[in-house]
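K.L.:
In case you want the letters, here they are:
Number of protein chains: 2
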Amino acid sequence: MRASQFLISTLKEAPADAEVASHRLMTRAGMIKKLGAGIYTFMPMGLRVIRKVEAIVREEMNRAGAVELTMPVVQPAELWQETGRFDKMGPELLRIKDRHERDFVVQPTSEEVVTDIGRQELRSYKQLPKNLYQIQTKFRDERRPRFGLMRGREFIMKDAYSFDRDHAGAQRSYQAMAKAYRAIFDRFGLRYRAVAADSGAIGGDLSEEFQVIAATGEDAIVYCPESDYAANMEKAEALAPKGPREAASKPMTKTPTPGKSTCEDVAALLNVPLQTTVKSLVLATDETNDKGEVVKSQVWLLLVRGDHDMNEIKVGKVPGLDNGFRFATVPEIVEHFGTKPGYLGPINTKKPVKVVADREVAVMADWICGANEEDFHITGVNWGRDLPEPDAVADIRNVVEGDASPDGKGKLAIERGIEVGHIFYLGTKYSVPMNATFLDEDGKPKPFEMGCYGIGITRLPAAAIEQNHDERGIIWPDAIAPFSVVVCPIGMDRSADVKAAAEKLHDDLLAAGVDVILDDRGERPGAMFADWELIGVPHRVVISDRGLKEGQLEYQHRRDAAATKVPAGEVFTFVKGKLTA
Amino acid sequence: MRASQFLISTLKEAPADAEVASHRLMTRAGMIKKLGAGIYTFMPMGLRVIRKVEAIVREEMNRAGAVELTMPVVQPAELWQETGRFDKMGPELLRIKDRHERDFVVQPTSEEVVTDIGRQELRSYKQLPKNLYQIQTKFRDERRPRFGLMRGREFIMKDAYSFDRDHAGAQRSYQAMAKAYRAIFDRFGLRYRAVAADSGAIGGDLSEEFQVIAATGEDAIVYCPESDYAANMEKAEALAPKGPREAASKPMTKTPTPGKSTCEDVAALLNVPLQTTVKSLVLATDETNDKGEVVKSQVWLLLVRGDHDMNEIKVGKVPGLDNGFRFATVPEIVEHFGTKPGYLGPINTKKPVKVVADREVAVMADWICGANEEDFHITGVNWGRDLPEPDAVADIRNVVEGDASPDGKGKLAIERGIEVGHIFYLGTKYSVPMNATFLDEDGKPKPFEMGCYGIGITRLPAAAIEQNHDERGIIWPDAIAPFSVVVCPIGMDRSADVKAAAEKLHDDLLAAGVDVILDDRGERPGAMFADWELIGVPHRVVISDRGLKEGQLEYQHRRDAAATKVPAGEVFTFVKGKLTA
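In order, the protein sequence lines correspond to chains A and B.
With the first letter of the first sequence counted as 1, position 579 gets the number 579 in UniProt numbering; the numbers rise by one all the way through.
With the first letter of the second sequence counted as 1, position 580 gets the number 580 in UniProt numbering; the numbers rise by one all the way through.
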């Protein structure tokens, strides 16, 4: 490709609304162009990256036996009403009426449509297993789209859906995708982790996120450097502390803590470690009658150590809270504790509440909590001696660095990640409500066991940039670079030798199947180099008159601090040897 | 590919709403699956065809120097308001409101967005010419979607847009696309014609349609078998007859024609050729004031020969009618002619009307027209003698078979076609209203000269089928067949020899880059052959135990009446030799 025939449109300034590096750099490098909030044109330079991502995903999906199809972007509402998602989903589901006032949606995913295809086309167990996928435009009407392609409204997703006879088959399909995803992410050339994720109400352990490691990632990833344990924060288990509870050694004492309503302030005031304090959170659950009216409410007090954070997903699995909970209202809190939030605790409540202690809190001795009286805390609190044992002990907190790894093989570390893939066992979540069945060997209809498997095709390049950039611009891995090699001639318009050498190297590399671009725009060297460093092409060859006279051309990888001199006659072979993809 | 790992879902019955062969066959062959009116899933078998069409289009567009990008499917209304299309377009433009009640459209084409990109990114004449294209999902909310992919609502289109400095540049860009389109359509392996089309108000001759020839086509294509002249019906010129008008030889006579209000009926009653009659059509034009109120109307009488049809596009170019016209109302007709439609003519009108005669009518002698009196016609009418010469003489009719070719090289023939491509010179139609300018060499801003170039990616397979099918199913050209070769083993589960031979042929062809499928489903031969004849794979090899014993395998092209025996050892080479793509 010659640059003059391509569309290169780099910008000096990043857009004012660009908060993250990938948004700034993709815009400045002319890869994306904003059309509206969260809606971007994929410009020629950016589209080349997206097409490479698509090609890798497609190859590995096909290799894993998945079959590609393309479902409509605009989908009639009827199927979405069958599963109830047409009403249940919030405004992120873009709803449309056509000229006949019929309801449609712009697909955010395609579970309903693919399940409908399954129930019509996969009639016999003999046709199973089957995995159907598409790489197609999706739309989610995010309330606050931002970060460029990281959280856009229109995006391209690869979504795959597996159909199996039974749970064992669904597990095999899931594992085949787990393997394919590792092959895909290995090929991208990015540092990533496959982390266990929570599978919600469906249960089982069949949910994994594929996270590209980046300091700017929105997700916390928990892993064990000494083993292959990795999970997201929602899922990572905080083990119960080893050994029994320490014996009580201090008397229980009501202590004035005027104006100190947080654990941090109390610990500072009393000059004790934050780890000796206990944080209170008040929740409520409701019982309803047939009409959906609340007939009875129960108030819950959840306790975690002062330096720990509550984990809502884990809370949602505590028996009694696993059918939904809400935060208690201030009147409910006053009614049960006799005071407003800030000084709450399990001792001397006005009315009984159910107490759930985090595993860590359950083994604490001589701890500090609110006195249920404004401006007072209680120190030296001990289970059994000063209050009954908790109603329940559970893992309800986020893990922290240094916690024991759940696999018993070392200590946990935490880093940040960007979720670009997710594989998920669905079970019969869609097949049962849509009555999607096949005839099994015994002649009886059975609902499909399903799985779904997504990759954010347009998010991946953004994640790659968050991980790989410097102050000059993007640094693409070879596999998804818009061009692998850029040939930069200096003074091509003045020197026939430079022109000839540059064109020959370009043509030779192109003939060898290398994705090469020749910068024939006639820009000055400084501007030319700045453009290609911004765009992030990994391999660069500079061809100058002086170099040709000396018989030495300059090669530089985007990560290299300086150029390497290469004998002119060996440049082709040298560059070919540098390419990893 | 092994059939067992693919998704093959053929149907015995065509859907009830399928009116044309391509709709019937694509549905029965499991290539498309209806989700809603005019909305289809491209099933795996159909998607393979679409991907091949896309690949050919992409290769040739790139070869012609066009640059690919991807514009959003969901587009903010603002740009569409700049050109006025947001309001002007009818309900076929699918309009949406997002969660913030802002207006959006689902793209039917992308002139506005690409012009916006041009005005921002193409700032200097040095960046021109540039041709930007996308292959992307489009939506048109057709009032009556039908014919499967022929007139769907959601479809895939390749749309390209060229930007030039001036008209000469735009002509070069147009010609480059004209050449690329011929290369594309040549590669599809279909019979097609590039036909001159009307370019409407923009003028010039720079508009061509690419029509796939098919008896079921919606469009009439006019061509000259003795030359390369070809045009669509709207555009094809009917030349003025050679030689002068014949002399009058009959007296003008008022003749009773009770109840005979059509030329056909009158000719039959009077036992004269239909070519001696003249058909009347009454139009009106309105003059309006600043407020858009009609202040004055003019009634027009248009005359074509009884066996000819009026051509509205041509009528719209007659001076005086070229700013818009409408059909006259019945009261207007009665006011001017003294009678209702059915017996109208240019003689003895009650009020003066402007008379436009078709070129053919202008040279007729002794003709027949309505008497402006119910149940009466006039025979033996002659221009000059019985009525004044017409106010205007123009080409206002459709050509018919046998008319002289406008290039003077023979006679015209007519066949039916399906429009699958259209290239069009736009001029400054979008750049001027959107103020899309570049800085020219003289430092002054000038509006882009533009062109647009479309190919109906998902319509093309349907057109291919309309042209190539028989009672058993589809017959794909090699270039866009879902698979080029199908290997059909008979009794693969019973015979290890058959299995081995079938797998070897499949593997060898696959390794040679041939798109081959091995039917390992274990279907009986009759059902298996019927499936592949329906799907339309062009090359088939049957491998049977008997054949292997005899050392002869059976090859059959989808168009062949019978199979050809090929020595078993030569099958691979034989099949390779048969492939054209």
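Incorrect hints may appear among the rest.
Each pair may be met inside one copy or between any two copies, as identical chains are not told apart.
[As the list claims (entries may be wrong)] When the alpha-carbon atoms are kept at most 27 Å apart in a straight line, the in silico DSSO-like pairs for lysine-lysine are as follows:
1. Lys444 <-> Lys12
2. Lys429 <-> Lys260
3. Lys351 <-> Lys88
4. Lys126 <-> Lys429
It should be emphasised that the hints constitute simulated quantities derived from the structure, not laboratory data.
K.L.:
For each hint given before, does the structure comply? Return the numbers of the non-compliant ones in rising order.
P.N.:
Going through the list in order, the structure violates hints 2 and 3 and respects the others.
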